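K.L.:
As they're listed, the protein sequences go chains F and Y.
Take the first sequence: its letters are residues 17 to 189, numbered as in my numbering.
Take the second sequence: its letters are residues 17 to 189, numbered as in my numbering.
Check before you lean on any hint, since a few could be wrong.
What the hints assert, rightly or not - Straight line, CA to CA, 25 Å or less: simulated DSS-like cross-link-like pairs of lysine-lysine: (1) Y:K20 <-> F:K98; (2) F:K95 <-> Y:K125; (3) F:K50 <-> Y:K98; (4) Y:K98 <-> Y:K125; (5) Y:K95 <-> Y:K174; (6) F:K151 <-> F:K174; (7) Y:K95 <-> Y:K31; (8) F:K31 <-> F:K50; (9) Y:K31 <-> F:K98; (10) F:K95 <-> Y:K152; (11) Y:K125 <-> F:K125; (12) Y:K20 <-> F:K31; (13) Y:K125 <-> F:K98; (14) F:K50 <-> Y:K31; (15) F:K125 <-> F:K152; (16) Y:K98 <-> F:K20; (17) F:K95 <-> Y:K31; (18) F:K125 <-> Y:K174; (19) F:K95 <-> Y:K95; (20) F:K152 <-> Y:K152; (21) Y:K20 <-> F:K50; (22) F:K20 <-> Y:K125.
Simulated from the structure, these hints should not be mistaken for laboratory data.
As the structure is a prediction and not an experimental result, all values here were calculated from the model.
Number of protein chains: 2
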Amino acid sequence: MDLKQCIRDVPDFPKQGILFKDITTLLKDRQALKEAIDRMCAPYRDMEIDQIVGIESRGFIFGTAMAMALNAGFVPIRKPGKLPAETEREEYALEYGTDAIEIHRDAIKPGDRVLIVDDLLATGGTASAAVKLIKKLGGRVTGACFLVELIFLNGRQKLGNVPVHVVMGFEGE
Amino acid sequence: MDLKQCIRDVPDFPKQGILFKDITTLLKDRQALKEAIDRMCAPYRDMEIDQIVGIESRGFIFGTAMAMALNAGFVPIRKPGKLPAETEREEYALEYGTDAIEIHRDAIKPGDRVLIVDDLLATGGTASAAVKLIKKLGGRVTGACFLVELIFLNGRQKLGNVPVHVVMGFEGE
């Protein structure tokens with residue numbers, strides 16, 4: 017099954033000149049969704065992952081389904097102010113300015129084997145902030161998994177020695 | 017397994033006087049997570065659901081895991097401006113003012129059997145807007161499923177004749 021055929025290109029979203037990879041056409045196709053999640057999980061079947069960390073909000077779409085498949089728990093990383101208990105926060109650079117993400121302090125136990133999940137690896141800013149948050153809590157980042165990679169943005173560089181697994185990579189237009 | 021024991025009460029979040037039901041303590045516990053999703057899915061095993069509609073963003077946490085368990089597709093309902101292609105929009109009342117949610121116009125086929133999923137049934141405003149969106153697209157709303165219901169807020173009333181299934185109900189304090 018060619019999952020790339022299930023993704024829709026939307027020009028000029030969210031702004032002029034960006035060709036947006038819309039995954040909702042894949043998600044609504046039950047066969048494609050199942051295959052996507054199977055392929056995201058494939059490298060981790062025997063790795064005894066303790067926690068899947070999903071990044072708000074499209075990372076949530078894949079994280080819990082993968083947690084069920086890999087017999088792990090699920091931990092959300094969210095935008096500031098959304099998590100109710102005590103959090104750690106990490107800022108990261110945007111094209112202009114900065115943004116931040118947060119994780120609950122008690123979400124990860126020291127030594128936990130943690131897998132980071134999101135829909136898209138673009139510049140890698142959010143994912144590398146997620147790596148820092150997990151390490152702050154003493155977790156071991158076993159890998160980072162994405163449905164789609166925009167290869168031309170070199171996001172992997174920001175993830176250092178964290179093993180990256182993607183289902184589909186796109187070169188620049 | 018008493019799933020209520022896995023939920024944490026956080027006082028005064030998101031504002032003074034609100035006792036917030038924090039589900040992240042349940043999500044990170046792999047046994048509790050599995051049991052929660054099994055119990056959310058239980059009434060729908062033989063109902064041939066076509067699409068699970070998850071409401072941003074905590075509905076995403078359960079929606080895809082349920083889609084995998086029930087052999088359905090997944091459709092996100094999102095806050096305005098987040099979905100890239102053509103959308104339908106529905107406004108709903110808040111305590112002060114209004115908010116809105118959107119769905120892609122091509123997300124649901126006429127006649128599709130659709131299940132709405134979210135973490136929490138509170139006043140029912142968002143869920144009833146979701147029902148309207150699905151009906152606009154010609155979908156049949158087979159049910160609405162929530163992990164937690166705040167019974168004292170009477171959200172079910174807003175859902176009319178849509179069958180509601182919840183795993184845990186809480187009375188007022």
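K.L.:
Each hint: holds or not?
P.N.:
The hints, checked one at a time:
1. Y:K20 <-> F:K98: The hint holds at about 21 Å.
2. F:K95 <-> Y:K125: violated (33 Å)
3. F:K50 <-> Y:K98: Cα-Cα ~24 Å, so holds.
4. Y:K98 <-> Y:K125: Since the Cα atoms of K98 (chain Y) and K125 (chain Y) sit roughly 21 Å apart, the hinted pair holds (cutoff 25 Å).
5. Y:K95 <-> Y:K174: With Cα atoms ~20 Å apart, K95 (chain Y) and K174 (chain Y) stay inside 25 Å; holds.
6. F:K151 <-> F:K174: Satisfied, since the Cα-Cα distance of roughly 15 Å is no more than 25 Å.
7. Y:K95 <-> Y:K31: With a Cα-Cα distance of about 21 Å, the restraint between K95 (chain Y) and K31 (chain Y) holds, given a limit of 25 Å.
8. F:K31 <-> F:K50: violated (31 Å)
9. Y:K31 <-> F:K98: holds (12 Å)
10. F:K95 <-> Y:K152: violated (31 Å)
11. Y:K125 <-> F:K125: violated (44 Å)
12. Y:K20 <-> F:K31: violated (44 Å)
13. Y:K125 <-> F:K98: violated (33 Å)
14. F:K50 <-> Y:K31: violated (39 Å)
15. F:K125 <-> F:K152: holds (11 Å)
16. Y:K98 <-> F:K20: holds (21 Å)
17. F:K95 <-> Y:K31: Status holds; Cα separation ~17 Å.
18. F:K125 <-> Y:K174: The hint is violated at about 41 Å.
19. F:K95 <-> Y:K95: holds (15 Å)
20. F:K152 <-> Y:K152: violated (47 Å)
21. Y:K20 <-> F:K50: Violated - the C-alpha atoms of K50 (chain F) and K20 (chain Y) are around 30 Å apart, more than 25 Å.
22. F:K20 <-> Y:K125: holds (22 Å)
Hint compliance for this structure: hints 2, 8, 10, 11, 12, 13, 14, 18, 20 and 21 are not met, and every other hint is.
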